[in-house]
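As a plain string of letters, each chain reads:
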Amino acid sequence: MKQQRPTRRRNVKLEPPPAWRARAVLIGFAVFGVVLAGRAFDLQVVEHEFLAQEGEKRHLRTVEVPAVRGAIRDRNGEPLALSAPTESVWAVPSALLEAPEKLGPLARVLDMKTDDLRERLRAHASRQFLYLRRQLSPAEGRMVMAVEAPGVFLQREYKRYYPAGEAAAQLVGLTNIDGAGQEGLELALQARLDGQPGSRRVIKDRLGRVVDDIAEFAPPRAGQDIRLTVDLRLQYAAYRELKAAVERNRASSGMVVMVEPSSGDVLAMASYPSFNPNNRDALDPSGLRHRAVTDTFEPGSTIKPLIMARALDEGRIGPGSVIDTEGGVWRVSRDLTVRDFRDYGDVDLKRLLTKSSNVGAAKIGLELGPESVWQAYLDFGFGAETASGFPGERTGVLRDFYNWGRVETATAAYGYGVAVTGLQLAGAYAALANDGLAQSLKLVREQTQVLGSEPRQVVTPQAARTVRQKMSGVVSNEGTASRAALPGYSVAGKTGTVRKVGGSGYNRERHQSLFVGMTPLDNPRVVTVVVIDEPRGKDYYGGAVAAPVFARVMRDALRVMKVRPDQGGTLTADAAAADGERS
Amino acid sequence: MKSALLLAALLVVNLVAAVAVVGAKHESRSLRADLQSLRVARDELNTEWAQLQLEESAWANPDRIGRLASSKLEMSHPDEFIMLEAGQ
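Residue numbers (the working numbering), protein chains in the order written: chain A, 3 to 585; chain B, 9 to 96.
Only chain A is shown next, with the shape it has when bound in the complex (with noise of 0.2 Å):
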């Protein structure tokens, strides 16, 4: 090399490089080289996955399109169960901390301290995404959105509010905070309200803004809007006048049924404690469970009219005949003796009813024997699952008559040893109202007709027709349950009082009052269950605690259905117009 170098200023004399610097700057080249080779097989082979993800992160993504949830409504369209949108607030909390002066602002349309913030920014601070906010409303959104503060989105989700409140609680049931059903009817018709959600694959910078819009996108498909048999009116007259009730007579609980005879609607079921179903933090899980259906109880005298409409079918009694009552005392066994409240002497089958003799419905009860008694209650549908399709419900409890004695046969015939629901009780009813013809229960307004759920008959409907009739003395001054007369329209009912199974049989100081009744006799309308759970005031009958809540329901109900008043004078407007001339 030196021979080459240039020759010009032959006269300045260079010294030669020392031999050490060029391989000192070769060595220098090799290393760098080996680790830029390093790096590379670092970053392309061993990491390789990992940023590949973390670069999609930032780049392509797809986003959810969240889908709404079907409404639930009444049978007139009122929403009991609806979802709005609200918005979430999201955060990139490494973004958010590198704006440490919009902390502040941004706890403050919060609600949350800016210290806990911090925290829980800093906590999370390797996530790209993190919730600081859940279902704010609209408004609340765009105030948040008002800090400009960097890192921080919205996400629109919906929410699910229910109008009808405390009344229809348990009924219409809840969602969890992610949308899905977690109680009664929610719960039950999840697959149907729920709705698909959408997608959208967009391009994201780091701070999670969507830079651009790429075509592929499946659109959400909302969930189907359900219609329910329920009047949200008689609801609401129901769960007020048993909250009333319950409270009046410092009861544990509560729980009213209405069903339309001709059809199986279920009018109105409420159940007494509830909650409030807007306020999830709040829930006491006594309110959640819907007593109608999941809680069983004897049915006790209730079962009187059903025992005499089979007798009467299966020929055993006539409509005129006439039973003695031994006194009110009547030893079965050795193991029973059936009394009445007092001597009623002789009595035909509306007294009968009229004054619910023990003696008289066990000697029914034993005239037909074990297996008719077992065969109409469940006739009448004791013992199975309604056609409802409510959420953890009960049976009740119906044993097979091989096991029945004189005992079991004649206790049943009064309505012990057999448990039943509330929801039950308002079915066998309705038979009854139906002219013998049971339609099954039903909460949502189907089009077409579930299998198996064919109307039955379950008494002829001259039995059905004459057992009414023998139960409008109930509602008399003579009565059981005069409280229960409604102004204007004939009632047939009837009471029920019945000593709860405690520790060591049944107890002398809880009871449970019922009343079910019908109105108007000829053709009625509607079937209404009134059940109060342990009152502790100085009533227990259910004459006197369950029937003026039948009264009061009922006016309610009958005007909002406008029947017709069967009872009472009536003028043509003829002689009302004549009349008005006179006067």
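Treat the hints with care, as some may be off.
Claimed, not checked - Simulated pairs of lysine-lysine, BS3-like, Cα-Cα distance not exceeding 27 Å:
1. A:Lys115 x A:Lys104
2. A:Lys245 x A:Lys540
3. A:Lys502 x A:Lys245
4. A:Lys564 x A:Lys502
5. B:Lys80 x A:Lys564
6. A:Lys245 x B:Lys80
Since the hints were made in silico from the structure, they are not lab data.
With the hints as your guide, set chain B onto chain A.
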């Protein structure tokens, strides 16, 4: 000469196609923007509709109506009544 003409013609066609592509792209962009704004409008209308339904059910709550009827309008249930039959 012939091929030069062909070349010129293709050049013109190419130019027209290029302009058309630009036009189509522009139109697609503006249509997508329209779609987006319509979607936003629909969302807002849906939101409002849901709010209005909730508001209506709050105002028309049967308990509230009943309370107003008895307190403000002094209405009550007609427990005593006479049925009037329309004359034939």
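Verification of the supplied hints:
Between A:Lys115 and A:Lys104, the direct Cα distance comes to roughly 13 Å. Compliance with the 27 Å bound is thereby established for this hinted pair. A C-alpha spacing of about 18 Å is found between A:Lys245 and A:Lys540, which places the hinted pair at or below 27 Å, so the restraint holds. Restraint check for A:Lys502 and A:Lys245: the C-alpha separation of about 21 Å stays at or below 27 Å, so the hint holds. Of the pairs offered as hints, the one joining A:Lys564 and A:Lys502 is violated, with about 38 Å between alpha carbons and a cut-off of 27 Å exceeded.
For the hint pairing B:Lys80 with A:Lys564, the CA-to-CA distance comes to about 24 Å; that is within 27 Å, so the pair holds. Of the supplied pair hints, the one linking A:Lys245 and B:Lys80 holds, its CA atoms being roughly 24 Å apart against a limit of 27 Å.
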